[in-house]
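Chemist: Sequence order for the protein chains is A and B.
The working numbering puts the first residue of the first sequence at 14, with every later residue one more than the last.
The working numbering puts the first residue of the second sequence at 14, with every later residue one more than the last.
No lab work stands behind these hints, which were simulated from the structure alone.
Careful: at least some of the hints might be erroneous.
No copy labels: a pair is met if it fits in one copy or bridges any two.
For lysine to any residue, the following SDA-like pairs were computed, each having C-alpha atoms within a straight-line distance of at most 20 Å [what the hints assert, rightly or not]:
id : residue 1 : residue 2
1  : Lys124    : Asp23
2  : Lys52     : Gly205
3  : Lys137    : Glu121
4  : Lys52     : Pro71
5  : Lys124    : Ala64
Each chain, letter by letter, is given below.
Number of protein chains: 2
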Amino acid sequence: MDQQHVKPADIERTSMSIIETELEERGILLPPELAPVVKRVIHTTADFDYAENLRFTPRAVELGIKAMKSAPTIVTDTNMARSGVSKPTLQKLGGQVLCYMAEPEVAELAKRSGTTRAVASMDKALQSFEHPILAVGNAPTALLRLTERMEAGARPALVIGVPVGFVNVVESKERILAACERFSVPAIVAMGRKGGSNVAAAICNALLYSAANTLDPTARGWQ
Amino acid sequence: MDQQHVKPADIERTSMSIIETELEERGILLPPELAPVVKRVIHTTADFDYAENLRFTPRAVELGIKAMKSAPTIVTDTNMARSGVSKPTLQKLGGQVLCYMAEPEVAELAKRSGTTRAVASMDKALQSFEHPILAVGNAPTALLRLTERMEAGARPALVIGVPVGFVNVVESKERILAACERFSVPAIVAMGRKGGSNVAAAICNALLYSAANTLDPTARGWQ
Numbered sequence: 014m015d016q017q018h019v020k021p022a023d024i025e026r027t028s029m030s031i032i033e034t035e036l037e038e039r040g041i042l043l044p045p046e047l048a049p050v051v052k053r054v055i056h057t058t059a060d061f062d063y064a065e066n067l068r069f070t071p072r073a074v075e076l077g078i079k080a081m082k083s084a085p086t087i088v089t090d091t092n093m094a095r096s097g098v099s100k101p102t103l104q105k106l107g108g109q110v111l112c113y114m115a116e117p118e119v120a121e122l123a124k125r126s127g128t129t130r131a132v133a134s135m136d137k138a139l140q141s142f143e144h145p146i147l148a149v150g151n152a153p154t155a156l157l158r159l160t161e162r163m164e165a166g167a168r169p170a171l172v173i174g175v176p177v178g179f180v181n182v183v184e185s186k187e188r189i190l191a192a193c194e195r196f197s198v199p200a201i202v203a204m205g206r207k208g209g210s211n212v213a214a215a216i217c218n219a220l221l222y223s224a225a226n227t228l229d230p231t232a233r234g235w236q
Numbered sequence: 014m015d016q017q018h019v020k021p022a023d024i025e026r027t028s029m030s031i032i033e034t035e036l037e038e039r040g041i042l043l044p045p046e047l048a049p050v051v052k053r054v055i056h057t058t059a060d061f062d063y064a065e066n067l068r069f070t071p072r073a074v075e076l077g078i079k080a081m082k083s084a085p086t087i088v089t090d091t092n093m094a095r096s097g098v099s100k101p102t103l104q105k106l107g108g109q110v111l112c113y114m115a116e117p118e119v120a121e122l123a124k125r126s127g128t129t130r131a132v133a134s135m136d137k138a139l140q141s142f143e144h145p146i147l148a149v150g151n152a153p154t155a156l157l158r159l160t161e162r163m164e165a166g167a168r169p170a171l172v173i174g175v176p177v178g179f180v181n182v183v184e185s186k187e188r189i190l191a192a193c194e195r196f197s198v199p200a201i202v203a204m205g206r207k208g209g210s211n212v213a214a215a216i217c218n219a220l221l222y223s224a225a226n227t228l229d230p231t232a233r234g235w236q
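Input sequences plus hints: build the corresponding full structure.
Modeler: Right, dumping it as structure tokens:
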């Protein structure tokens with residue numbers, strides 16, 4: 014029964030220390046400002062590939078934390094990612110997380126314009142908010158649409174581009190990263206095929222926890 | 014714009030065919046009855062490690078599909094996994110997916126007995142339903158509790174044991190697999206550290222889609 018009585022905070026501390034040790038053993042030295050994000054993604058996936066495939070535009074973590082501090086609106090491309098974002102931490106920061114994928118209006122819009130619901134929901138996000146945080150863990154079409162919208166002037170506060178998959182995924186991530194660099198939009202992108210709703214949520218949470226900790230260093234957000 | 018107009022069904026078909034080709038290139042030949050589950054997990058994670066680390070008790074897929082066909086109740090250990098289970102497919106089969114983790118009653122129960130909410134929610138699942146399908150993508154404590162409950166006579170219809178992590182995770186999965194084998198409870202378990210809510214949902218969906226397809230071979234469930 015003992016193992017059923019351990020505290021989640023203790024488990025997390027031990028896990029993070031195991032991750033640090035194993036990164037060291039692999040000869041991977043993370044820049045301190047990126048470490049909280051990379052370590053949380055590895056914590057979520059048990060996959061050390063993310064130490065190699067996560068890319069950050071200049072000051073992306075700093076600017077991401079800043080965005081999380083001021084009543085952020087996060088829009089995800091799956092309800093699964095939305096579920097994974099820490100509600101208690103968001104609440105502390107006066108923020109919200111939305112997903113439009115299941116909305117009949119978005120399905121209708123996608124059908125009418127012969128596109129995907131993910132595209133329609135990114136359009137809705139950029140129509141509803143001036144500088145949303147956009148967390149894409151599933152649909153490469155969402156990233157391609159974002160690239161177009163940024164070319165037309167849209168400026169999200171942060172783009173998290175981590176769809177997973179085998180078709181159009183790799184290219185969509187290369188394109189969003191290039192567009193974000195060009196337009197100085199902060200971005201965190203998992204290059205290659207890997208990613209997912211869980212990774213999108215983990216990156217949001219890493220930034221949210223850091224944002225909440227700098228507001229109140231004694232507090233700690235738990236999902 | 015072209016890539017924004019591709020159909021999800023076409024993308025999935027292409028993805029599955031890429032996965033088949035790459036499995037072959039790796040010299041991995043999946044038993045046909047296991048292939049839909051393994052391929053869907055790889056589709057969800059882009060991680061071929063799952064072709065090696067997924068374990069199945071005898072006839073687990075067949076019995077899992079059978080359980081999904083008759084108004085299944087799936088109980089997950091995260092709201093994220095619950096979000097990821099295909100609602101349209103569940104609806105067709107007259108089933109439901111529940112998660113007790115955010116219920117005040119479960120938090121209270123966990124606090125009173127000095128255990129985790131995951132343990133309390135597994136207890137609630139086994140109290141509320143005679144043969145639930147239990148999908149654990151996060152908490153090793155849930156699997157340890159399930160092992161105890163099975164020793165005391167509980168018989169879930171199926172156990173999906175795929176928590177992710179660095180502390181107690183590997184051991185909890187070895188123990189649940191051994192217990193399921195001993196008590197002839199169908200189980201699908203990801204050995205080692207890897208897993209997650211996305212993997213738990215993907216396994217549920219693979220079984221749900223197969224169940225729905227045998228009822229109506231022209232239909233196809235989409236998340």
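Chemist: Could you run down the list of hints and mark each one as holding or not?
Modeler: Checked hints:
no., hint, verdict
1, Lys124 / Asp23, "between (48 Å within a copy, 16 Å between copies)"
2, Lys52 / Gly205, "both (18 Å within a copy, 19 Å between copies)"
3, Lys137 / Glu121, "within (12 Å within a copy, 39 Å between copies)"
4, Lys52 / Pro71, "within (19 Å within a copy, 37 Å between copies)"
5, Lys124 / Ala64, "neither (39 Å within a copy, 36 Å between copies)"
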